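Peer 1: Chain residues, written in single-letter form:
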Amino acid sequence: MRLGRLRGLIIPVLLVALWEIGSRVGTLPEDTMSQPSTIAVAGWDALLDGSLLIATVQTFQTALLGLAIASIIGIALGILIGLSPVLEGIIGPTLDTIRPIPAVALIPLALLIYGFGVRMEVLVIVFACVWPVLIVTVSAVRGIEPRLLEIARTLEMPALSRMRLIVLPAALARIAVGIRVSAGVALVVAVTVEIVLNPQGLGYGMIIAAQSLRPELMWAELLWVGFAGWAFNTLLTTIDRRWLRRYQTGGAR
Amino acid sequence: MKPRGLLLKLGAVIFGAAVVYLWQIAADARLISPVFFPSPTRTFAAFMAMEERGDLWLPMAATALRMFYGWVLASLAGVVLGGAIARSGPVRAYLEPTLEFLRPLPASAIIPPAILFLGLTSKMAVTVIAFGALWPVLLGAYHGFRSVEPQLVEMAAAIRMRSTAFLWKVALPSALPDIFAGVRVSLAIALILAVVTEMQAAQTGLGFNILMAQRSFRSPELYAGIIVLALLGFLTNQALVMAERYLLRWRTLTR
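Chains as they are written, first to last, in my numbering: chain X, 1 to 253; chain B, 254 to 508.
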């Protein structure tokens, strides 16, 4: 087991070593492949002067805001559609027509509506993130034990408490899965919008570093984006495992 | 049941038409800004004008071609890598941690280094697309090749099947459904990245066109471009679904 883990390190370590040696000897072009040691220094500096952290906060803030809005829309719409097959028959095809639009195609439109800034980025993220939540919510609501809904009807429960007491608790665990998928999407879309044109956050930092011919900073930021993505993903998995797993079996109780 | 289904279909059509119609009315009455929300008729007129100028199918073909190249590269590499990692312990031990680090990297994040290396070229676009589209196929192939039915594996061992024959005749067919699931996700990603790289690198294509339409505030053209992109996404996905049904027809036969 220990050896197995070490073997996994061989390739990355070898690559980094070759990279360092190659650029010191001069076989690798200095203007694109800066040395790993220079990259480390650039990354450390960016971390210390706070620019990297500010960019990270900007990106995550926007991604989470978009995710929150998308979740609210997706859950509300999903519950409505899930509870009423008639409604699904009527608005479902229209939604299916909109869905294949690649979210990034909305970047120019969002820019036209809001100009640069947080709002245009949030708009694109919301469009991308709404679908996983919506689809999962619909199927979660469909999966609710029909007897529970019948009981609610017999008890003449008002619609609001029926939502609060029966639909939401039964569907919540599966909805969380959809939100988790959307969370990953949100981060990717945020970075993408920033790389394409929105002047804020991690993506913008990378593209500016590349354009101002500071490849070492660009590589450092790329590594940081990778790390942030990994950390975010791990956090979500942990939340999923710690708090949500136990609801996942026998959700409708 | 039957008449009800028909009624629902009718309702769906009416709803879709009503949305478009309301949009038209709201746009004509200037309730919504014509700068952001051009009326459907203006969008359609822009669509026809673009078609006449040859501004529609050519960029669409350019986008589709780049997307296709990247996607094919990613699919081939993904199946080979995924299969190798799944069926060989040493390969897994050496490669998995590196891949685990690369996987959560947002695909668009490699655009800046790709531009540094390859410039604002088609090659850069295809590389980025291939990188981003690789992961779903790789994961799909990995799961597919891992979950080959043990009985089949034993059977193959019992008749001393060669490992290449085993891969080709047993492992690959049984991994195919999972591979297809991955390949379909990859296709959507490939389209997204094709659009992104066009916007970033000023390559001819639909993505670049809609960005230009935005810069000159020609919103009807922007909408027409978005609609064509959606169409491209829908049609390619549909084609793949059909290919899947054809290639996996043995599955429904044996079950």
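Source of the hints: derived by calculation from the structure; they are not laboratory data. Hints should not be assumed to be uniformly reliable.
Restraint-style ranges between C-beta atoms, simulated for each label pair [claimed, not checked]:
(1) X:G115 x B:A298: 49 to 59 Å
(2) X:L213 x B:A270: 24 to 34 Å
(3) B:G264 x X:I73: 30 to 40 Å
(4) X:L87 x B:P256: 16 to 26 Å
(5) X:S139 x B:V494: 17 to 27 Å
With the Cβ distance kept under 7 Å, some of the chain X side facing chain B (calculated, not the full set) [to be verified]:
(6) L6
(7) R7
(8) G8
(9) P12
(10) L14
(11) G89
(12) I91
(13) L95
(14) I113
(15) I166
(16) A170
(17) P199
(18) Q200
(19) L222
(20) L223
(21) G226
Keep in mind that this is a model prediction, so the values were computed, not measured. Note that beta-carbon positions come from the ideal geometry of N, C-alpha and C, so glycine has one too.
Peer 1: Now look at each hint and say whether the structure bears it out.
Peer 2: Against the structure, the hints come out as follows:
The hinted range of 49 to 59 Å is not satisfied by X:G115 and B:A298, whose Cβ atoms lie roughly 27 Å apart. For the hinted restraint 24 to 34 Å between X:L213 and B:A270, the CB-CB distance of approximately 54 Å leaves it violated. In this structure the hint that B:G264 and X:I73 lie 30 to 40 Å apart at CB is violated, the actual value being about 22 Å. Range check, X:L87 to B:P256: Cβ separation about 18 Å, and the 16 to 26 Å hint holds.
At about 19 Å, the CB distance of X:S139 to B:V494 agrees with the hint of 17 to 27 Å. At about 9 Å, the closest approach between the beta carbon of X:L6 and any beta carbon in chain B exceeds 7 Å, and the interface hint on this residue is violated. For X:R7, the interface hint holds, the least distance from its beta-carbon to any beta-carbon of chain B being 4 Å, beneath 7 Å. For X:G8, the suggested interface contact is upheld, since its CB lies about 3 Å from the closest CB of chain B, less than 7 Å.
The beta carbon of X:P12 is positioned within 7 Å of a beta carbon in chain B (closest approach about 5 Å), and the interface hint is therefore held. Interface hint at X:L14: violated, since its Cβ lies 10 Å from the closest Cβ of chain B, which is beyond the 7 Å cut-off. Given hint, X:G89 at the interface with chain B, holds; its Cβ is 3 Å from that chain's nearest Cβ, closer than 7 Å. Below 7 Å, beta-carbon pairs count as interface contacts, and X:I91 has one with chain B at about 6 Å; its hint therefore holds.
Interface restraint check for X:L95: the shortest CB-CB distance to chain B comes to about 10 Å, outside 7 Å, so the restraint is violated. Checking X:I113 against chain B: minimum C-beta separation of about 5 Å stays under 7 Å; hint holds. Here the hint on X:I166 is broken, as its CB sits about 26 Å from the closest CB of chain B, past 7 Å. Checking X:A170 against chain B: minimum C-beta separation of about 26 Å lies over 7 Å; hint violated.
Given hint, X:P199 at the interface with chain B, is violated; its Cβ is 14 Å from that chain's nearest Cβ, farther than 7 Å. Nearest Cβ of chain B to the Cβ of X:Q200: about 15 Å, over the 7 Å cut. The hint is violated. Restraint check, X:L222 versus chain B: the minimum CB separation of about 6 Å is within 7 Å; hint holds. Of the supplied interface hints, the one on X:L223 is violated, with its beta-carbon coming no nearer than about 9 Å to a beta-carbon of chain B, more than 7 Å.
Residue-level restraint check for X:G226 holds (minimum Cβ-Cβ distance to chain B is 4 Å; threshold 7 Å).
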